[in-house]
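J.: Could you build the full structure based on these sequences and the hints that come with them?
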Amino acid sequence: MPIKIQPIWENVLHRWQRSVRALGALAFFYAFCGFAGESAYADGSVSSLGMGYGAPNQAAFARFLAVIQQYNASGERFRIDGHCQSACTMFLSIRNVCVAPGASLLFHAGGSMQKGIINPSTTQQMLSTYNAGLRQYVTDNHFMETFAFHTISGSQIIKRFGYPACR
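Under our numbering, the first residue of the sequence shown carries the number -16, and numbering increases by one thereafter.
For the record, the hints were derived by calculation from the structure and aren't laboratory data. Since the model is a prediction, treat every value here as computed from it, not as a measurement. Every residue gets a Cβ at the ideal spot worked out from N, C-alpha and C, and that includes glycine. Honestly, I wouldn't trust all of these hints.
Said to hold, decoys possible - Ranges between beta-carbon positions, derived for each pair:
(1) 148 / 97: 33 to 43 Å
(2) 95 / 150: 19 to 29 Å
(3) 107 / 40: 11 to 21 Å
(4) 115 / 136: 12 to 22 Å
(5) 65 / 142: 31 to 41 Å
(6) 98 / 57: 27 to 37 Å
(7) 58 / 148: 15 to 25 Å
(8) 145 / 100: 32 to 42 Å
(9) 66 / 106: 17 to 27 Å
T.: Here it is, written out as structure tokens:
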């Protein structure tokens, strides 16, 4: 009586193929989740752009305005995280902005710190990028009248002035 070896090998081969398919599907799932998570890192942020220390000159100030325009046009999320002083605070005007509770935002008058010249036009331009509550607060407290830095924490920007928190 002949022994049937082929069905045993077919069964082993079939199991092996199913295992490979399952592992392949699992690998695809992990890869997909990894790439899906990438979009969170693709969002713009103060820290990723290295723009937390303000604008030392008009060309740098123009770069801040260009970033604001770019993110408002794209609708992409923009994170204010870490240290954000001077012109960086204008990022609050980005329509899809969020603020990290641990961020520190520092406000002062616009102009040339190096020359000691306050520019009312630049100061007004900065003020126009804040919501009404924040604009009123920094005006009432004279934050925008000197080059002295006045810090507001990210958590206060969120709680007191209604900017969305980053998740």
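J.: For the pair residue 66 and residue 106, does the Cβ-Cβ distance stay inside 17 to 27 Å?
T.: holds, 21 Å
J.: Does the beta carbon distance between residue 145 and residue 100 stay inside 32 to 42 Å, or does it fall outside?
T.: holds, 33 Å
J.: Hint says 12 to 22 Å; check whether the CB-CB distance for residue 115 and residue 136 agrees.
T.: holds, 20 Å
J.: Given the range 19 to 29 Å, decide if the beta-carbon distance of residue 95 to residue 150 lies inside it.
T.: 38 Å Cβ-Cβ, so the 19 to 29 Å window is violated.
J.: Determine whether the Cβ-Cβ distance between residue 107 and residue 40 falls within the hinted range of 11 to 21 Å.
T.: holds, 19 Å
J.: Range hint 33 to 43 Å: satisfied by the CB atoms of residue 148 and residue 97?
T.: holds, 35 Å
J.: Is the hinted range of 15 to 25 Å satisfied by the C-beta distance from residue 58 to residue 148?
T.: Holds, at about 19 Å.
J.: Can you tell me whether the CB distance of residue 65 to residue 142 sits inside 31 to 41 Å?
T.: The hinted range 31 to 41 Å is violated for residue 65 and residue 142, with Cβ atoms some 19 Å apart.
J.: Can the suggested window of 27 to 37 Å be confirmed for the beta-carbon pair residue 98 and residue 57?
T.: holds, 35 Å
Going down the numbered hints, you'll see the structure goes against 2 and 5, while the others check out.
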